[in-house]
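Novice: Sequence:
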Amino acid sequence: IGLKKDWYGGKWNTTVAVYRILKNNELTADPNSPPTSGLSIELGQKKAEGVEFDLRGNIARGFNLTANYAYTSAKVIKVADGVTAVKEGDIVPGYAKHTVNTWLNYKLQQGKLKGLGFSAGFTFLGDRATYWEASPDPSKEMNDYFKLDAGLLWENDKVRINANVFNVLDKYLYS
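Here the working numbering runs 3 ahead of the position in the sequence shown, where the first position is 1.
Don't read these hints as lab results, they were simulated from the structure.
Here are the simulated DSS-like pairs of lysine-lysine, each with C-alpha atoms no more than 30 Å apart in a straight line: (1) K174 to K78; (2) K14 to K117; (3) K78 to K150; (4) K100 to K8.
These numbers were taken from a predicted model, which means no experiment stands behind them.
Whenever a hint applies, use it, and build me the whole structure from the sequences.
Specialist: Rendered as structure tokens:
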């Protein structure tokens with residue numbers, strides 16, 4: 004369920020949504036096998052619920068912002084027969100409670116370089132749950148995750164050329 008609103012003649016847009024997602028018998032990494040084994044099990048039922056807020060708009064002519072925040076609570080609510088490493092109420096591994104994405108774009112509007120644009124953005128994941136086997140302490144959460152990306156583009160009425168650099172800070176990040 005969500006609400007969407009345009010502001011200032013459509014120059015800004017906001018969306019807020021609440022969600023609840025149930026997944027049944029989804030395959031997940033087998034917590035009783037090494038992480039690189041490639042073995043999977045049917046977990047049972049997972050529930051993810053939360054709230055998300057989006058903001059998009061025009062800061063100035065040619066300069067745009069897109070920002071997003073989401074809070075997610077993800078838990079195992081039913082465990083399939085034979086699964087012993089997971090119990091009802093456990094946090095679903097790999098989820099982050101807090102997710103923030105922001106992207107800024109600027110494109111020249113006139114002159115010889117008209118159509119040249121620059122962009123930068125980041126992703127932040129906070130309070131991440133670990134995978135069972137990958138951590139010596141399954142109750143410990145993974146470190147927060149911050150990734151910075153950038154881009155360069157040029158476009159005219161018929162062509163758009165875009166080059167992106169992901170993970171500009173060249174940090175090792177857990178997926």
